[in-house]
Amino acid sequence: MFPAAPMAGYDRAITIFSPEGRLYQVEYAFEAVKRGMTALGVKAVDGVVLAVEKRSASPLVEGTEKIKKIDSHVGVAFAGLFGDARVLIDQARIYAQSHRLVYGEPIPIELLVKRICDIKQVYTQHGGVRPFGVAFLFAGVDRKGPHLIQTDPGGTYLRCKARAIGAGAQKALDLFVKEYHDDIKIEEATLLALRGLKEAMEDGFTPENIELARIDVYTKEFKIFSTEELAKLFEKLR
Amino acid sequence: MFPAAPMAGYDRAITIFSPEGRLYQVEYAFEAVKRGMTALGVKAVDGVVLAVEKRSASPLVEGTEKIKKIDSHVGVAFAGLFGDARVLIDQARIYAQSHRLVYGEPIPIELLVKRICDIKQVYTQHGGVRPFGVAFLFAGVDRKGPHLIQTDPGGTYLRCKARAIGAGAQKALDLFVKEYHDDIKIEEATLLALRGLKEAMEDGFTPENIELARIDVYTKEFKIFSTEELAKLFEKLR
Amino acid sequence: MFPAAPMAGYDRAITIFSPEGRLYQVEYAFEAVKRGMTALGVKAVDGVVLAVEKRSASPLVEGTEKIKKIDSHVGVAFAGLFGDARVLIDQARIYAQSHRLVYGEPIPIELLVKRICDIKQVYTQHGGVRPFGVAFLFAGVDRKGPHLIQTDPGGTYLRCKARAIGAGAQKALDLFVKEYHDDIKIEEATLLALRGLKEAMEDGFTPENIELARIDVYTKEFKIFSTEELAKLFEKLR
Amino acid sequence: MFPAAPMAGYDRAITIFSPEGRLYQVEYAFEAVKRGMTALGVKAVDGVVLAVEKRSASPLVEGTEKIKKIDSHVGVAFAGLFGDARVLIDQARIYAQSHRLVYGEPIPIELLVKRICDIKQVYTQHGGVRPFGVAFLFAGVDRKGPHLIQTDPGGTYLRCKARAIGAGAQKALDLFVKEYHDDIKIEEATLLALRGLKEAMEDGFTPENIELARIDVYTKEFKIFSTEELAKLFEKLR
Amino acid sequence: MFPAAPMAGYDRAITIFSPEGRLYQVEYAFEAVKRGMTALGVKAVDGVVLAVEKRSASPLVEGTEKIKKIDSHVGVAFAGLFGDARVLIDQARIYAQSHRLVYGEPIPIELLVKRICDIKQVYTQHGGVRPFGVAFLFAGVDRKGPHLIQTDPGGTYLRCKARAIGAGAQKALDLFVKEYHDDIKIEEATLLALRGLKEAMEDGFTPENIELARIDVYTKEFKIFSTEELAKLFEKLR
Amino acid sequence: MFPAAPMAGYDRAITIFSPEGRLYQVEYAFEAVKRGMTALGVKAVDGVVLAVEKRSASPLVEGTEKIKKIDSHVGVAFAGLFGDARVLIDQARIYAQSHRLVYGEPIPIELLVKRICDIKQVYTQHGGVRPFGVAFLFAGVDRKGPHLIQTDPGGTYLRCKARAIGAGAQKALDLFVKEYHDDIKIEEATLLALRGLKEAMEDGFTPENIELARIDVYTKEFKIFSTEELAKLFEKLR
Amino acid sequence: MFPAAPMAGYDRAITIFSPEGRLYQVEYAFEAVKRGMTALGVKAVDGVVLAVEKRSASPLVEGTEKIKKIDSHVGVAFAGLFGDARVLIDQARIYAQSHRLVYGEPIPIELLVKRICDIKQVYTQHGGVRPFGVAFLFAGVDRKGPHLIQTDPGGTYLRCKARAIGAGAQKALDLFVKEYHDDIKIEEATLLALRGLKEAMEDGFTPENIELARIDVYTKEFKIFSTEELAKLFEKLR
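Protein chains in written order, with UniProt numbering: chain A, 1 to 238; chain B, 1 to 238; chain C, 1 to 238; chain D, 1 to 238; chain E, 1 to 238; chain F, 1 to 238; chain G, 1 to 238.
It cannot be assumed that every hint is accurate.
[What the hints assert, rightly or not] Think about it this way: if two alpha-carbon atoms lie no more than 27 angstroms apart in a straight line, the pair counts; the simulated DSS-like pairs of lysine-lysine are:
1. F/Lys171 / D/Lys114
2. A/Lys54 / C/Lys198
3. E/Lys171 / E/Lys144
4. D/Lys54 / B/Lys114
5. F/Lys185 / D/Lys178
6. A/Lys114 / A/Lys161
7. D/Lys171 / D/Lys232
8. G/Lys114 / F/Lys171
9. E/Lys232 / G/Lys144
10. B/Lys114 / A/Lys178
11. G/Lys236 / G/Lys144
12. F/Lys114 / G/Lys178
13. D/Lys54 / B/Lys34
14. F/Lys114 / G/Lys144
15. E/Lys69 / G/Lys178
16. A/Lys54 / C/Lys69
17. E/Lys54 / G/Lys178
18. F/Lys171 / D/Lys34
19. D/Lys178 / B/Lys178
20. E/Lys223 / G/Lys69
21. D/Lys232 / B/Lys144
22. E/Lys34 / C/Lys54
23. G/Lys114 / E/Lys69
24. G/Lys69 / F/Lys114
25. F/Lys69 / D/Lys144
26. G/Lys114 / E/Lys34
27. A/Lys161 / B/Lys178
28. C/Lys114 / C/Lys198
29. C/Lys54 / A/Lys232
30. B/Lys220 / B/Lys69
31. A/Lys144 / A/Lys232
32. B/Lys161 / D/Lys161
33. C/Lys54 / C/Lys144
34. C/Lys144 / C/Lys232
35. A/Lys69 / A/Lys54
36. A/Lys220 / A/Lys114
37. B/Lys114 / D/Lys114
38. E/Lys171 / C/Lys54
39. F/Lys178 / G/Lys34
Don't read these hints as lab results, they were simulated from the structure.
As the structure is a computational prediction, the values presented were derived from the model and not from experiment.
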């Protein structure tokens, strides 16, 4: 992803463009995302699903949650640096609550994403900081319907139908390209997300080692599944 | 565009002139623009057209919009870093609204452009930041008629008749030089813009993969075309 | 843990990602933790135990306490730089008192940990500082029951069943993996913690050279044991 | 203009004198001026003329204006970085308006120039910035009569009889030295300015590719010529 | 104490951890302490004694005092940079007076030490400064009895029974390890301190070349001995 | 004046002493003074004379004035960077006016010089700036009589009887040493100053190419001579 | 005084300790003091004498005064950078006046010295500045009697009986060691100071080339001698 030997110096600070117009530090921050555990999302016509790997390095450590609720109508999954993610998620919650307070309605998903990306952009242009080493998948429902939006460390966001980030992303994406269709409904999307995660994880794909959340256009409630609920879903997988 | 081996150091910071009086970091930021997807504009006697490529890297990702409305009488297309563009576009919207509020009239296009370029200039002269890696094509109509103005990462702007930026710019410019004439009307300019974009894109030139917007002196409304409207325009192309 | 010869420069500042997306300074801060004396914790169904080595370099120096009470319902053990630990422990006490004052109830353990990790994260992303060279084991009881949570220099935290940090951590962890079970009660957990510490310390395992504290769900009081109480516990060990 | 190999480092920052007492960054900024398009001025006993080249790189781009009015009695031409020039010109306009407001009279030309040079000087002595890469020719009339004053990137200014800056400056200066005389009147000075610009431009010397402005002691109005007016002047040239 | 050739760079700033998790600048500051003249302290069951070498480089210079009273119940001896010590001692006096004012009682010794160490820690984690090149021995009596506490340049403190810092520290410590016992009374401790200092100084051990201060639990007054009083003590030594 | 090869680095910043205790950047700033055109002064028992070279590089550029009046009783000549000089001269005028306002009397010459030197000193001790590349000769009359005081880039000042700075200083000083005597009167001093300048300039010594100013104890008015007055003085020279 | 080749880098900034715990920049600042002209002081039982060399580099330059009165009861002599000295002397005068105003009594000499040293210390610990390149000899009389105190660039001070600083210091000190005795009276001390200065200066020891000041316990007035008074003293020398 990066050249074997970039001319010394162009990749040492966020305030320096390389001669090719690249920001190496932003690209390196992407590598932190690629080293993270897989997170993925599938958008259906009537909702969105997020699913993440949360395997723990040790049996005595509980896997760290990588899906967080931002507001009742929107949640997020991430891959990359845990600490960086938390800072931005806290900020997203503040934006969401503040929007409700000021405008008396849930924050539009894209507006929320934009605000988070504005913070990320600042960390790619000013000296004395590093970019955020984290990518997000925002899933939510607002007046315009369901949304699945990915943000990257550079402050760019992409509206997606189905998307995966982290170490196993490519395997999940390959499956999605083959099997995703535009009329997919939330139940089918849920199973597709699980199958994508199974592909990405190679082994250890159990209800204990993953997280899944979804939101549909009927309830408009972002719901994180319990291990028991996941176990039931797993039965449908077979 | 840049020498094979600039004397080490002159290109490492925005606060350093090279012995030839060049600002390498600004030139490198131009490279980020050149790596961006093509954006172009054509000014007619009675309006202006903007058109951009918005092909997506993946079938599951919706192409990112690269034409944005600033105010009812002015819009913008860009090539370069998405996150950088968004910061400046937000700022442009604030300038436009603030002008309406204070003076009770739409902001003159060149004044708006000047303000954005003032921000860009600051990022080429002060340490601890990098230049904005984005070029804009502003299209609008004010009392003086239609305007097509390009800005570059260094804070310079050019008033243009027809202009293209990004990866395929040269091909589109070649076409414009051949076919542009000073009496061009908005309908012809629209088709010229589309043909320029077709040249620039090489393949994948479909209504789904592009954006087009225009404003004319009659309605003075900056209008972004829907995919359906683009499909109709495509028919005229043949 | 770190490559023999990282490309010069990527490990010199916290504001630089390496090409592999790693933050070397955070990893080096972990090394400061690994050089620290062993600290460990065991969570039982009805409480949590913390135990640490506090051997002194000289017979004329009293061993430095490495277990601190934060509030009546929560305490902390640490490994790493003493001075860094104290700064964060002071902050934790302020958060805890402030929460009691504002909400009239003990601070939830995870919220407390999150605040400390927020401080740690800032020191991994902004220039002109270094990360905190200290890891914590927080032990406490709140409405959700007993908690054992580890934080690291990067601002990440892990909810644990049993955990050890510092120079002898691996030996203690090996024991825990073999002997920990989910139905463990506080008394058994206490002995397991002591045995883990004994493994980790190699020699000098005496009541004078260690500290132990525990909290159970009945009293909800974080209690640091006196040397006399430790001596009694040691008898049970045999 | 600069030595082949200045001892490494002396030319990397504005806060460093070279062992010879030179400020290389200021000298390099002069190079940016020398790369700019030619701008020149001729002072007559009864007025001042400014003329500049404004050739465009492309037939579809309108040449950028390089003569700007500051106040009714003073204007400016520049060579060098467009963005840098605009920042200082905006500032000059503010000084001029503010002087009128406070003292109820047009700002004296030299005072105006001094203020602009004060800004330029600051950018040659303090770290974290670069010098302004632009030179100005101020032309105006005040109580003391007509003025033609050049400023350079280092904050020095020179009162001139006839002067040229930018890429073709030497050729124009050669002509001026030969033909300028102290009794020159504004009409003759205008033709001398045009002839100087013709020498400097080599080719493309047409009314469309140049700008000319003048101010005389009778009207005290700084007037920028239209292309039509320039065409008439060109007839006199032959 | 430091490796012959640390990888270049890890020891150049306080904001950089070495790959082994060490802060070289803090370790180098320790060297400044080791180069200082010997200071030592002995805690008895009923008081604490401080003694320091204050030999002067020249017979015409009066030796510089290295024992300072902070408040009536606490004093301090130091080894290392004189100027750095004075800054922190001034601060300690302010903390002590401020505590008396606010709480109406003498400041607890450990709390006072903690505050000084907090200042020291800040200077080991933030850029643009260096650590304090000084170590202190605080001696005082509060409600909990007598205290002898050492602080180091990194912001760590150690509660001690007997302790020595500076150039001759090891020799004094060797004596203390052999002869210190837990039932030592203030008079015996005073003689032990003197004998330790004699060991450390090699030659020049005279009442004029040393300072001694002590505080006991009866008077709770920190008292610096005059040369005459020292002379009397010296008689007891023989 | 500076060693052929100073150990790399000691001369790169004003905040670094060389191992010999020298501030190279201050010494390099002196070089900027030495490259400047000659300025000189002669103090008589009843007044002071200043004279400077103001040759222009081009016949179309009017020579730049290098003698400035600060207040009615004091003026200044300089050698070195024009822009740097102007900043300090503006400041000197403010000090002079402010003193008149507050104390109702002309500012004492040495006090004025001290204030300017205070500014210069700051620029030799703090990072992020460079020293002022200018030396001044202040000439004035106050209650204590006539004064001729030189300031240098390091913030030092010297009270002088006769003094020269800039490129031709040595030649003028040689003359002064030979011919200056303590009973010199203002008229003789004026001729000595002119003869010194003639020595220094080598060629081009004409009334048009020089400036001269003087102040005597009778009028206490600092008076800059017109070209006509200079022409008359030149007659006396022969 | 400094090693032939300090490991590159340890001596480039005041914020870096060398591996031996030395602050090279402070040591280099001492070199600036050693290059200064000799200043010395002798304390008698009933007063203090200061004497300095003030030879001028040129017969046309009046020697610069190096003894300054701070308040009526205290004065100072210095060796090192003139500009640096002036900044601190101004500050000392402010402290002295402010003390008189607040407490209605002359400032104690040691307190005054401490304040100046506090300023000096700050310039040895914080980045972006350099240490003050000046040493002082403070001479004064307060309630405790006469004082002679030396300060160095690192912020340390020494109470002295007789002391010399600057280029000829060693020769004067050698004389003082031989001839100083504790019962010396002010008249004898004055002659000893003069003889010390004579040793230090090698040649040019005349009343015109030196300064001398003294203060005794009877008048408590710091008095700088005129050249005439010095001439009389010189007669006593023979």
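If you test the structure against every hint from before, which numbers come out violated? Numbers 1, 2, 3, 5, 8, 10, 11, 12, 14, 15, 16, 18, 19, 20, 27, 28, 29, 31, 32, 33, 34, 39, in rising order.
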